[in-house]
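J.: Letter by letter, the chains look like this.
There are 2 protein chains.
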Amino acid sequence: MIVDKASPLFGDLGGMHNVYINAVGLPALKKGGPYPDKTMFLTDLHDFTVSDGSYVEGARKALAIMLKDAKKYSSTGGWGFQAFEGGDPKKPLVTDAAKQCFACHQPKKEQDYVYSTYIP
Amino acid sequence: MIVDKASPLFGDLGGMHNVYINAVGLPALKKGGPYPDKTMFLTDLHDFTVSDGSYVEGARKALAIMLKDAKKYSSTGGWGFQAFEGGDPKKPLVTDAAKQCFACHQPKKEQDYVYSTYIP
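Listed in order, the protein sequences are those of chains X and B.
Numbering-wise, the working numbering puts 61 at position 61 of the first sequence, and it's gapless, one number per residue.
Numbering-wise, the working numbering puts 44 at position 44 of the second sequence, and it's gapless, one number per residue.
Wrong hints could be hidden among the right ones.
[To be verified] Simulated crosslink set (DSSO-like; lysine-lysine; CA at most 27 Å straight-line):
no.: 1; chain 1: B; residue 1: K31; chain 2: B; residue 2: K72
no.: 2; chain 1: B; residue 1: K30; chain 2: X; residue 2: K61
no.: 3; chain 1: X; residue 1: K61; chain 2: B; residue 2: K5
no.: 4; chain 1: X; residue 1: K61; chain 2: B; residue 2: K31
no.: 5; chain 1: X; residue 1: K5; chain 2: B; residue 2: K5
no.: 6; chain 1: X; residue 1: K90; chain 2: B; residue 2: K30
no.: 7; chain 1: X; residue 1: K91; chain 2: X; residue 2: K30
no.: 8; chain 1: X; residue 1: K5; chain 2: B; residue 2: K61
no.: 9; chain 1: X; residue 1: K90; chain 2: X; residue 2: K30
no.: 10; chain 1: B; residue 1: K61; chain 2: X; residue 2: K31
no.: 11; chain 1: X; residue 1: K30; chain 2: B; residue 2: K90
no.: 12; chain 1: X; residue 1: K91; chain 2: B; residue 2: K30
no.: 13; chain 1: X; residue 1: K30; chain 2: B; residue 2: K91
no.: 14; chain 1: B; residue 1: K61; chain 2: X; residue 2: K30
Everything labelled a hint here was simulated from the structure, so no lab data went into it.
Please build the complete structure, drawing on both the sequences and the hints.
T.: Encoded structure:
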């Protein structure tokens, strides 16, 4: 997915989103959730440039993860959220997951708070 | 990469290009080529929709491969080209690799005829 300048989300989430899931969660993704504990989503978020009608991937902006642990993260739908600036583990971006992450995931409750859907 | 409607390539190559390379070719990709025999690129080409400024991946349009064999494919820069409609191995699309594929790759001779570049 690319969140382009025309999107209201561009300021916070603009870029090319390459989304991965681990093997624990894959069967649940195919069903649209719910997800078992230890499911992990990874979003590899990159800048992009537009040249002659083509959107070309640029440098990494951040790595973002969602990790399922229903008990540990019960206050944020069972998901732990974190993101790292430029993918640098020394630069975490999330200090308040409820406010920075879960607030916008809450509308996707029927998909266990996950926006991604399986695309064969 | 997304080739959008504004691109002159949209008719032939429109869509979201997810490009993969095998381990044989990866070191060469990092240097920008040239590539050793048995390098394989795979492009998983998908449709997309645009919704509120976000480009969202859709169904698979085709799988396309480039396989390096300098001797076998000497007439097309050392690359074998094939693509499969919808990713179906029973539906090959390339009958004349020189005309359908290599003609447009030829300008990238300095990168061993490969458009992709390594994006960390």
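J.: All hints are to be evaluated individually against the structure, with a verdict given for each.
T.: Taking the hints in turn, this is what the structure says about them:
1. The suggested pairing of B/K31 with B/K72 holds, with an alpha-carbon distance near 24 Å, which does not exceed 27 Å.
2. Between B/K30 and X/K61, the direct Cα distance comes to roughly 20 Å. Compliance with the 27 Å bound is thereby established for this hinted pair.
3. A threshold of 27 Å between alpha carbons decides the hint, and for X/K61 with B/K5 the separation of about 26 Å falls inside it, so the pair holds.
4. As the CA atoms of X/K61 and B/K31 are separated by approximately 23 Å, the hinted pair is consistent with the 27 Å bound.
5. For the proposed pair X/K5 and B/K5, the alpha carbon gap of about 16 Å is at most 27 Å, so the pair holds.
6. Between X/K90 and B/K30 the alpha-carbon distance is near 25 Å, which keeps this suggested pair within the 27 Å criterion.
7. About 32 Å separates the Cα atoms of X/K91 and X/K30, which puts this hinted pair outside 27 Å; it is violated.
8. Proximity of X/K5 to B/K61 is assessed by CA-CA distance (about 26 Å); at most 27 Å being required, the pair is judged to hold.
9. Distance restraint check for X/K90 and X/K30: the Cα-Cα separation of roughly 33 Å exceeds the 27 Å cut-off, and the hinted pair is therefore not satisfied.
10. With a C-alpha separation of about 22 Å, the suggested pairing of B/K61 with X/K31 holds against the 27 Å cut-off.
11. For the hint pairing X/K30 with B/K90, the CA-to-CA distance comes to about 25 Å; that is within 27 Å, so the pair holds.
12. About 26 Å separates the Cα atoms of X/K91 and B/K30, which keeps this hinted pair within 27 Å; it holds.
13. As the CA atoms of X/K30 and B/K91 are separated by approximately 26 Å, the hinted pair is consistent with the 27 Å bound.
14. Between B/K61 and X/K30, the direct Cα distance comes to roughly 20 Å. Compliance with the 27 Å bound is thereby established for this hinted pair.
This entry does not satisfy hints 7 and 9, going by the numbered hints stated previously.
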